Amino acid sequence: MAFYIARRLLATIPVLFVLSVIVFLIIYLIPGDPAAVMLGDGASPETIETLREQMGLNLPLLPQYGRWIGHALQGDLGDSFFMRQPVRTALAEHLGPTLSLAVLAELVAIVIALPLGIRAASRRGELADKTLTGFSLFGITVPGFVLSMFTVLLFSVQLKWLPVSGYKPLSDGLWMHLKYLILPALSLGIVQASLLARVTRSSMLDVLNESFVKTALAKGVGERGIVYRHALRNALLPILTVIGGSFGTLIAGAAVIESIFNIPGMGQLLVNSVQRRDYAVIQGVVLFVAFAYVLVNLVVDLLYAIVDPRIRLK
Amino acid sequence: MNKLYRHSLLALLILALFAVYGCSSGNNGGGGNGNAASGTSSPGTSSPAEPVSADLASELHFPLAQQVPTLDPHLALNTNVYVTMNIFEGLFAFDENFKPVPMLAESYDLSEDGKTYTFHLRHGVKFHNGKEMKAEDVVASLNRWKSLTGRAQASLGDSEFAVKDDYTVELALKEPRNDILAQLSHVLNNAAIMPKEVVEAAGPDGVKEYIGTGPFKFVEWKQDQYVHLSKFDDYQSVDAPPSGFSGKKEAFLQDVFFDIVPDSATRFASFLSGTYDYVDVSLDNLPQVQGLSDVTLNKNLGSDINLVFNKKSPLFSDVKYRQAVAAVLDADEILLGTVSSPELYRLNPSYMYPENTTWYSEAGKENYNQKNPDKAKQLLQEAGYDGREVTLLTTKELGGSFYNATIVVQKELESIGVKTKLDINDFATLLKKRADPNAWDIYVGLFTMPSTPSQLLYLNPTYGFADDAKLAELNKALTAASSDEEIKQANDALQQYEWEYLAAVKIGDTYSQTATRHKLTGLKTLAGYPNLANVKLSK
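The listed protein sequences derive, respectively, from chains A and B.
The numbering used here applies: residue 1 is where the first sequence begins, and numbers increase by one.
The numbering used here applies: residue 1 is where the second sequence begins, and numbers increase by one.
It should be emphasised that the hints constitute simulated quantities derived from the structure, not laboratory data.
One thing to keep in mind: the hints can contain errors.
Claimed, not checked - Straight-line alpha carbon distances no greater than 25 Å define the calculated DSS-like cross-link-like pairs of lysine-lysine that follow: (1) B:Lys222 to A:Lys168; (2) B:Lys539 to A:Lys179; (3) A:Lys160 to B:Lys539; (4) B:Lys248 to B:Lys131.
To be verified - Just so you have them, the derived chain A footprint on chain B, three or more residues with Cβ under 8 Å: (5) 147-153; (6) 189-195; (7) 401-412.
Claimed, not checked - Quick list of the computed label-pair ranges, beta carbon to beta carbon: (8) A:Lys130 to B:Thr521: 33 to 41 Å; (9) B:Lys411 to A:Ile26: 44 to 52 Å; (10) A:Leu25 to B:Lys411: 46 to 54 Å; (11) A:Leu178 to B:Asp233: 34 to 42 Å; (12) B:Gly400 to A:Gly173: 35 to 43 Å; (13) B:Asp386 to A:Ala11: 54 to 62 Å; (14) A:Leu61 to B:Pro314: 27 to 35 Å.
Owing to the predicted nature of the structure, the values given are computational and were not obtained by experimental measurement.
Every residue gets a Cβ at the ideal spot worked out from N, C-alpha and C, and that includes glycine.
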């Protein structure tokens, strides 16, 4: 098992390397000059040139990449031009909000989707099933930002229960922390839930049609027992995959929701950095997200073995 | 795998995840304090909020629409100015009519020949670090400002500021210039005075500490989230009525937070929910505040729209083509297309605002807003237009107004048979391309309040590549003029010629709308930038 984990982690190294080359090239192919962005309209061309020199932007591409990868291998992802801090620090600061939001949104998704999907599968064609179809249609078609506008209008502007936007770290207290995350988590969670509910339903249906379910029925196992003990456990693998995938997406940062609710997470960091051509940060975020994806997938694979003992990891 | 093993593995995984999260959030406490300019000071440094008076709130949250790239006042761009003008001050500051009024200077003398400025500094003005402001600080600050600012270099040439004694600074120019005070007052790339040590420690990317003389001092800058200022208790106010950024400043607020909220719907919803007492109001949101009894709507003169030609482009190096474009433009149509309401713009044939009585001129206005397609077509024919494509450089960022103005211009150009191409970029790319003479033909932009014609960017060779001996000569004559009569004459001559040379075509002035709750009083703005010094917020 430990060998398996180590091998999987080692396998990410070439992935990250290729990615770093691609991202590096893409970044330098887009026009735009961080020095000009920082200094603005009124700056003299000489001032911009001095800053470019200091930022190392006048070096040819290959030495620039060489310098970057050299540092990256030692765990130093460089410094942000604009934030005046190491990229590592910037990533760490923006990871907290994103992680909190991702966990909360995933919880919302699971709490809504699993019961709904299970119920719909066991009551196929009945009201519960139709509710699910309606709900998932709603979740898939209504974009997250529209949903968030409505929730803000209702809960913040009209009822004044929750703040419109912003973020408070966990150190300010649990309720303070949650208060700012409920609406964005709801907006993200509902969209994820609609997908998850559909997968739960179809996966459950597949299992419910299998012959061991009929055997169980014939044995006289009650409906609850069949659905939760026999069917759900067997239907869990595809559900787990979808949860893992959506969690990975959430960690990558929900740029739109983060900017609507003004949450200083990864998505916002990436968007801001692209706008101001903060090359080192763009590079750092992309690599981090790729790594997080790999990690989440690894965790999902490990969970497979726990959920289904028939699976052996080699 | 047995059950126990599997469960403990799961628990380990969860633990590991938490550990990663915990370490990463632990890191930023240590790493972020590396330098003072990153502004991540520990929470302990902010003073406990003490209300100035029992009826007044001590804390104000002010929404900013855009990110703050730097807080260095000498580098400050449109977005930073909101913050920096409340931390820093210069020798002079604009009043509400863009007239320079002494701020850190007590007075100034101008020599007979108009070449030597002697600035007498106020005594006893303290920086936020407790040090008294002296001539050496002023000289260090202003010489750095000059080295970083295009318009200052254009005005000052090789001349530098020099210390005469502790409270006197001298500027000896090669030629007489009448725009020095305006250059020292302008809010963009503000000629702010900082301690000598701070200036000397600055790198090309800006100062490392934010220490000024203003009524608020810098506390913390949480990147992309907020900038926190607090009241400066040792602030020495001048005794004159407040106007623009000049005059008396008394801080009634203990803490000011500039919250960065880029999404306009979020900003507006936050205003409605009571988080903010001041907000910019887009036309769509207008009906929602019009009905509110505790809110005042304000109309502020924002920026003016100009169409800038690339004077090095194949077509527009020829004045005939520039004249053709000027002939067809319908200013009303372009302005309406940009701001969507006749209430929010005005026609103005001058490159300066009418409020700016010294520099406003209507000379050459017969070439403004011509709406004459026939004349335009004829000019194109005379110039021998062969269907070459004209590239219009624009961006959808900055609220979309650049783009909106540009597409109306595009339509008008196509109506006289000009082939056009829109080149839409993000702002960073636009900045880069605009500096490249081969990348574009026409650029329609919104410009922040010019206070003297010498501040008009597009009369500058670096911006649109104006290269004309007569223009340079008229510019020189203009800044050398001393009496009111001479100024008027030189100014009329320049504007008259500019309408013939057409470095750019003036389209008009636009207003922006803001909403203020009645409990917020004393707020002064200049070109939309807030002076929070005398603001009171009742509970």
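> Between Gly400 (chain B) and Gly173 (chain A), does the C-beta distance stay in 35 to 43 Å?
Replying inline: For Gly400 (chain B) and Gly173 (chain A) the Cβ distance comes to about 39 Å; the hint holds.
> Lys222 (chain B) and Lys168 (chain A): Cα distance at most 25 Å?
Replying inline: Answer holds: Lys222 (chain B) to Lys168 (chain A) is near 12 Å, not above 25 Å.
>> Just to be sure I understand the hint, the distance between the Cβ atoms of Lys411 (chain B) and Ile26 (chain A) should be within 44 to 52 Å; is that true here?
In response: With Cβ atoms ~34 Å apart, the hint is violated.
> Checking C-beta pairs, does the stretch 147-153 of chain B have three or more residues closer than 8 Å to chain A?
Replying inline: Satisfied; 6 residues make the cut.
> When you take the CB atoms of Leu178 (chain A) and Asp233 (chain B), is the distance between them in 34 to 42 Å?
Replying inline: 37 Å, holds
>> Holds or violated: the 54 to 62 Å window for the beta-carbon distance between Asp386 (chain B) and Ala11 (chain A)?
In response: 60 Å, holds
>> Quick check on a hinted range of 27 to 35 Å for Leu61 (chain A) and Pro314 (chain B), using CB atoms only.
In response: 31 Å, holds
>> Is 46 to 54 Å respected by the C-beta to C-beta distance linking Leu25 (chain A) and Lys411 (chain B)?
In response: 38 Å, violated
> That 33 to 41 Å hint for Lys130 (chain A) and Thr521 (chain B) (C-beta), does it hold up?
Replying inline: The hint (33 to 41 Å, Cβ to Cβ) is violated, given that Lys130 (chain A) and Thr521 (chain B) are roughly 57 Å apart.
> Is the straight-line distance between the alpha-carbon of Lys160 (chain A) and that of Lys539 (chain B) 25 Å or less?
Replying inline: 18 Å, holds
> Counting residues of the stretch 401-412 of chain B whose CB is closer than 8 Å to a CB in chain A, do you get three or more?
Replying inline: Since 0 is below three, the answer is violated.
>> So is the stretch 189-195 of chain B in contact with chain A by the C-beta rule, three or more residues under 8 Å, or is the coverage claim wrong?
In response: Contact hint for the stretch 189-195 of chain B vs chain A: violated, 1 residues under 8 Å.
This entry does not satisfy hints 6, 7, 8, 9, 10, going by the numbered hints stated previously.
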